[in-house]
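With the hints as a guide, dock the two chains, each given alone in a separate frame, to form the complex.
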Amino acid sequence: MSAAPRQESDRHDAKGPLAALFSRPEIGPIGVMLLLFGMLGYFSIPAGEFSLNPFAGEGFNALGIRNNLRVISQLGIIALGAGLLIIAGEFDLSIGSMIGFAGACMAMILRWGFSVVIPYLSFEGGVHIEFFTLIHLSDVSPLGAIAITMCFTLFFGWLQGYIVVRSGLPSFIVTLGGLFFLRGLTEVSLRSFNHRPDQVKGATTVTEIPDIKNIIHLPGHGEIEREAAKALPEADLTAIVNALPADKVASITDRLQYTYQRIADAKTDIMAARGVKPLERALENAINSGNEGMVATIQEKIATFKVTPVVPKTVTDIDVARAYIDSVVTARPVANFFGGDILEPIFSWLYYPIDWNTNNFGNQFAPGLYSCVMIWVILSLLCYIMLSRTQAGNWIYSTGGNLNAAKANGVPTNKVKVSLFMFSAFCATIFATCQVFEVNTADAAKGNLKELEAIAAAVIGGIVMTGGFGTVLGIIIGAFIFGIAKEAFFYIPGIDGSFYRVFLGLVIIASALLNENIRKRIMGAI
Amino acid sequence: MSALKPLIETTGLVKKFGSFTALNGVSLKVYPGEVHALLGYNGAGKSTLIKILSGVFPPTEGQISVEGQPVSFDSPRNATDAGIGTVYQDLALNPLTSVTRNFFLGRELTRFNSPFGLLKMDEMHQIAIQEMAKIGINIADPEQAVGTMSGGQRQTLAIARAIYFGAKVLILDEPTSALGQKQQMEVLKTIRQVKDLGNIAIILITHNEIHARLIADRFTFLSLGEVIGEGTAKDLQGDDIKRLIAGGAEIGDLAKELAAT
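Here the protein sequences line up with chains B and W, keeping their order. Numbered according to my numbering, the first sequence spans residues 1 to 526. Numbered according to my numbering, the second sequence spans residues 1001 to 1261.
It should be emphasised that the hints constitute simulated quantities derived from the structure, not laboratory data. Keep in mind that the hints are not guaranteed to be accurate.
[To be verified] These stretches of chain W come out as covered by chain B in the derived footprint (C-beta under 8 Å, 3 or more residues):
{"hint": "1", "segment": "1057 to 1065"}
{"hint": "2", "segment": "1084 to 1095"}
{"hint": "3", "segment": "1103 to 1115"}
{"hint": "4", "segment": "1145 to 1158"}
[Unchecked claim] List time: in silico DSSO-like cross-link candidates among lysine-lysine, alpha-carbon distance up to 30 Å:
{"hint": "5", "chain 1": "W", "residue 1": "K1168", "chain 2": "W", "residue 2": "K1195"}
{"hint": "6", "chain 1": "W", "residue 1": "K1029", "chain 2": "W", "residue 2": "K1234"}
{"hint": "7", "chain 1": "W", "residue 1": "K1029", "chain 2": "W", "residue 2": "K1016"}
{"hint": "8", "chain 1": "B", "residue 1": "K267", "chain 2": "B", "residue 2": "K306"}
{"hint": "9", "chain 1": "W", "residue 1": "K1168", "chain 2": "W", "residue 2": "K1182"}
{"hint": "10", "chain 1": "W", "residue 1": "K1051", "chain 2": "B", "residue 2": "K407"}
{"hint": "11", "chain 1": "W", "residue 1": "K1134", "chain 2": "W", "residue 2": "K1195"}
{"hint": "12", "chain 1": "B", "residue 1": "K313", "chain 2": "B", "residue 2": "K248"}
{"hint": "13", "chain 1": "W", "residue 1": "K1182", "chain 2": "W", "residue 2": "K1134"}
{"hint": "14", "chain 1": "W", "residue 1": "K1120", "chain 2": "B", "residue 2": "K407"}
{"hint": "15", "chain 1": "W", "residue 1": "K1029", "chain 2": "B", "residue 2": "K407"}
{"hint": "16", "chain 1": "W", "residue 1": "K1189", "chain 2": "B", "residue 2": "K407"}
{"hint": "17", "chain 1": "B", "residue 1": "K520", "chain 2": "B", "residue 2": "K407"}
{"hint": "18", "chain 1": "B", "residue 1": "K407", "chain 2": "W", "residue 2": "K1234"}
{"hint": "19", "chain 1": "B", "residue 1": "K520", "chain 2": "W", "residue 2": "K1182"}
{"hint": "20", "chain 1": "B", "residue 1": "K407", "chain 2": "W", "residue 2": "K1016"}
{"hint": "21", "chain 1": "W", "residue 1": "K1016", "chain 2": "W", "residue 2": "K1051"}
{"hint": "22", "chain 1": "B", "residue 1": "K415", "chain 2": "W", "residue 2": "K1120"}
{"hint": "23", "chain 1": "B", "residue 1": "K277", "chain 2": "B", "residue 2": "K267"}
{"hint": "24", "chain 1": "B", "residue 1": "K201", "chain 2": "W", "residue 2": "K1234"}
{"hint": "25", "chain 1": "B", "residue 1": "K267", "chain 2": "B", "residue 2": "K301"}
{"hint": "26", "chain 1": "B", "residue 1": "K407", "chain 2": "W", "residue 2": "K1134"}
{"hint": "27", "chain 1": "W", "residue 1": "K1120", "chain 2": "B", "residue 2": "K520"}
{"hint": "28", "chain 1": "B", "residue 1": "K415", "chain 2": "W", "residue 2": "K1051"}
Here the structure is a predicted model, which is why all the values come from computation and not from measurement. Just so it is clear, CB atoms sit at the ideal spot from N, CA and C, and this is done for glycine as well.
Excised from the complex, chain W in its bound form (with noise of 0.2 Å):
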């Protein structure tokens, strides 16, 4: 594993708005054919570190670097052209029309390359049936409405995408919340199907730390804008896991303070 660069990594990134600090110099290294899993509770960072990591806002301290080169993001749109593709909690995606519709959608493929050249809707809707084939959804109708799709196949719609468009670093923001258990083992699945391709970093973000043990070869705890503990899925054992999730050293000192008094 040492043997392996980091797809991407950050060193020190802070974040304030205004007086706030959310973000206090947090590093991480993602390898690619991995899920790195990132727990934490409300309000720990999380969102702010996605955020920065897919060009939403920049750090305020700290670097990016992608394959060993320094990034800096100035719109969502750097980051997705770097190679970060981010998968949010909504998807992205719009119910009322197509599956292709959707997969394309803002990179639609057309003639003369231009908004008014007509559509080649024979070639997406094949690209975007291969492209979830290869993750393990197979969809009868490309021409479906993404609105009548169960809520894991759109999980697997929104990936596939990101993974078509180039992301190296495929960030999932929360991706069995909100869902059946069935359904959350089908996006596992999904998950596991984009490791097995070899060649995509994952990060994953989650509250659950069952899913998490399932899945990730890594993990980093935040909490309070700070890591407060990383390791890989053989370091860390048992209650440790639970421990750091629920705010780890935070809680052992409340328990100390209690004991003390």
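Just chain B, same shape as in the assembly (with noise of 0.2 Å):
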């Protein structure tokens, strides 16, 4: 067998495993979050505590998973919208002025309504403007105000992309326009809407949503909001107990009864510890003089301290019904999808029979993580599954590696561009509705900077700004470090807190600067 002569292509060997892992584009970015878990976890352990475990600090208790969780999916949302278009090779900065316009918009809608108007001149009794009300509808659901909201948001995401394709102009300065129009156009509206007797005159919010994810239907008393459901008269709530199926009160009883008991426990607790600490005071006043004596009486009493524990509160029916109503399920599910909480039985689980998630206090610490969460991991699944897997996918990637290349191959480009600038769109709205339904307010100054923190997401995640090259799995990443950064640093003694901008200033720079140097190696340029 005589060997074949040695070809081009022998020079490149298939990769084996793991230089294939250690050549991805992501093991930089998932170093530095390791790095900032690492740092949150430690430094969140209480001082004078010793632990191994990362995750024995307040950094990772249940609270503190759900509100970081919260903040990272948020990014993360908006990151995947801006990512996209950035490996198509254009920007959008008025991903921010979207989410603010978006969340006004929804608002209003879900306020007051939504109409279509002409204005008109009118010549009776002095020339003046009129406006003819062609359509009134008064009470829009959830789902519409959201699909209105989208009519809107994706038209404007189109008119960008339509002017970028179509004029050459780079999409920083037409979304830059687009940044400063939205924020406009959405202080002007909430202003001029807030001429309403319930509204403060001139401001640039909307209050007073009603809770809409709340709303429940309950027997008897129709379509309800569930605090107003708890603050029924007692009568009504007993009533509402005794219609309920045995077992089921039973099992509220059992977990209510656990509750108290736990409340009554860390009562008990602080009490101990309160009730100690003058004694250990003394203690140490009296090792200090050298009184042997006395050392000895303190630390005999200090032994045998004890306070009576505390009794717990005993389950009433009106308790029971309580608990009941806090356990319907939402009459407004697409409210709630948005706004709502997730895995709500696994943190209940967490709370009894586990006692994990549970308070200083003895409560439930966090009642589920944000429903935000789950749509992020929804898109981002959606997201990898269409760039890695799909035509599109390689469509978006030849658009910003090669534009010429792209279209003789007979890639529609421009349809490329403008579909992702209109899906930057949705992703800005999507955090807009979440926002809104979580919190049932609006303001106009919603969404701020958030353009900027989604496109440093990105870099951070290894996309490179000129487009063609990144990864979903990195802008998760990327959203990951751009929300653990601050609460890593909150936590560490004796610094300011607003070293974290600092840190992932650094941190941009240092990722643009790896990843132009990956893409200049692929492109065979070192």
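Written out as structure tokens, the structure reads:
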């Protein structure tokens, strides 16, 4: 057998699994992310305690996880839109303003309904502008409000994309225009709508939207907000309990008894700690003064110190009724999908019987995760499949990687770009939807600077600014790094909290350098 | 040879850009299994001719026929569908993605034939490797980024792609320029392999008369938008080619003019 002559292709071996892993663009960001997780874990362990387990700290207790994941996933949602657009070679600076606009639009529709009006010039009683109301919907469902808002934001996304591909102007300029235009439009509309008697005149906020996600259907009371239901007269609440099946009442009672016992225990512990404190101080003084008899006496006292245990509250029918109302499934699934909580049964289980999701006062710490986490996961998964596994993904990569090559091969590059501008607007709208249904208010200032955070997260995650390179996994990691950095730095003792920005600034520059290096290596320039 | 019908034929192609005449009545016949070298000085009209053939813009006058049927192209896509595959100098490759992704760029195999259907990656890898092997390049890793390949390999990828997607006429625009000596030979070998397939007509645009002489069966020389000479490799001997590529008659006239003064 004669050896085949050596060929050009022999110089390039198929990579082994380990080499393939380390040449992935995400490997650097993953390192930074793990470092930040470690920092958050260890620095948040209360002073004086020692633990090798990073999950022992406050950063990773139930409430910490709930709040951190909310920040991360909100950023993650818009970073997906910004990141995919950058891969296709364009920017969107209007994301932040789009969030403000979408939130305000949705909130106004939910608060006052939706109208289509035609302005016209009236000559009766002096020349002035009159408005003819063509359509007025006074009660728009959450889904309707989202759909109408989507129409507006997707149109703006389309318009920006269309201007960019038609004119050939840099998207930086076009979307910078969009940034000012949309923010201004939001403020103007909110001010003009807030002449209403029930709002502060000229305010750029919308308040007093009902807590839509917590509207439930309660037999005998129709549709009612949870808080209002819990405040019903006691007779009504008792009637509700009496109508419940016995095993349901038993299980609720069981859990409430556990809660009350847990609260009582926590109170007892707090009282004991408080009672021992003066004795410990006295002991310290005694040791300092060298009075050995006194030291022995006080030590004896500390050892035998006891407080009478707090007696837990007894569970009443009213308590059962309120707990039951909390457990009733929402009558507004769309609002709850965007603004509610997820994984509630798991977090409830972690409280009882696991006893991990418990705060210092014995109560359940976190009710669940914010729903935006689930939406982020769904969107990320869809984007991952789209970008890495479908034709659309290959078109996005080639549009950003070599526009002329993509065009020459029949890729509809203009359509790809315009669609991604629309997707970026879509992500901003989803972000705003989650916010509006979570907090039931809107503010024209919402989403300020979010466009830059989204771009930063994408860059940290290995997206190359010139386009054509990057992955969804990278964008996800970028969002984690950006979201967790603030928390991690907050817990470092004796350091100004704003150092997290210094850190992020360095990470952004380092990531950009690294990304450029990887890109050049692939282009064959190094 | 004369028994063969030309695969692609142009008659009296004229292209005017405003008052400027880029092509002035160019007729061309290209036969299957042949390399037809299109030679000429800068600005002779070679690029205009191939842009018309590949559907970038239509001719002002004249007719193109493919396999005897008159055709007209509104877009590059039309030309591709009619079986004219053009491999431009920049090769239309995305250096940041893999061999397979470039091979199928714009024509990916997907489930349900939808842009959002999953890519049939395994099948695509297999075809890419197979098609490149047919014209003499073995690639070890179809996931390899095109940016890491040699210039010759990239050329092969672009040619293999054009052939796989139905090119009967392959237009190669300066395939050997900007390559090293060894890679130029690799590209010429690839062209020879394509020629040996027998059913494909190759139009080779080049500056390099040595390469043309090594591989071409038939020559057409352009100058100032007109054909100033043509023939088979046998017809043209020695200095003819050199003379024609440098502008031909024009220089002869110039010499006479100089002598006359």
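Exercise. Holds or violated: K1029 (chain W) with K1234 (chain W), Cα cutoff 30 Å?
Worked result: Holds: K1029 (chain W) and K1234 (chain W) sit about 17 Å apart, inside 30 Å.
Problem set entry | 30 Å limit on alpha-carbon distance, applied to hinted pair K1029 (chain W) and K407 (chain B) | Roughly 29 Å between the alpha carbons, so the hint for K1029 (chain W) and K407 (chain B) holds.
Exercise. Are K267 (chain B) and K306 (chain B) close enough, with their CA atoms no more than 30 Å apart?
Worked result: holds (13 Å)
Problem set entry | Outcome, coverage of the segment 1057 to 1065 of chain W by chain B - at least 3 residues whose beta-carbon is closer than 8 Å to one in that chain | The restraint on the segment 1057 to 1065 of chain W is violated, since only 0 of its residues have a Cβ under 8 Å from chain B and three are required.
Exercise. Within a Cα-Cα threshold of 30 Å, do K1120 (chain W) and K407 (chain B) meet the stated pairing?
Worked result: This hinted pair holds, its Cα atoms lying about 22 Å apart.
Exercise. Hey, K277 (chain B) versus K267 (chain B), does the alpha-carbon distance stay inside 30 Å?
Worked result: holds (16 Å)
For this session: Please work out if K201 (chain B) and K1234 (chain W) have their alpha carbons no farther apart than 30 Å.
Result: Violated - the C-alpha atoms of K1234 (chain W) and K201 (chain B) are around 93 Å apart, more than 30 Å.
For this session: Would you mind confirming whether the straight-line C-alpha gap from K520 (chain B) to K407 (chain B) stays at or under 30 Å?
Result: Judged against 30 Å, a Cα distance of about 23 Å means the pair holds.
Problem set entry | Whether chain B covers the segment 1103 to 1115 of chain W (at least 3 residues having a Cβ closer than 8 Å to its Cβ atoms) | holds (count 8)
For this session: Assess, step by step, whether the Cα of K1016 (chain W) is no farther than 30 Å from the Cα of K1051 (chain W), and give holds or violated.
Result: holds (13 Å)
For this session: Measure nothing beyond the straight line between the CA atoms of K415 (chain B) and K1051 (chain W); if it is 30 Å or shorter, mark the hint as holding.
Result: holds (24 Å)
Problem set entry | Satisfaction of hint between K1182 (chain W) and K1168 (chain W), Cα-Cα up to 30 Å | holds (28 Å)
Checked against the numbered hints given earlier, the structure breaks hints 1, 18, 24 and satisfies all the rest.
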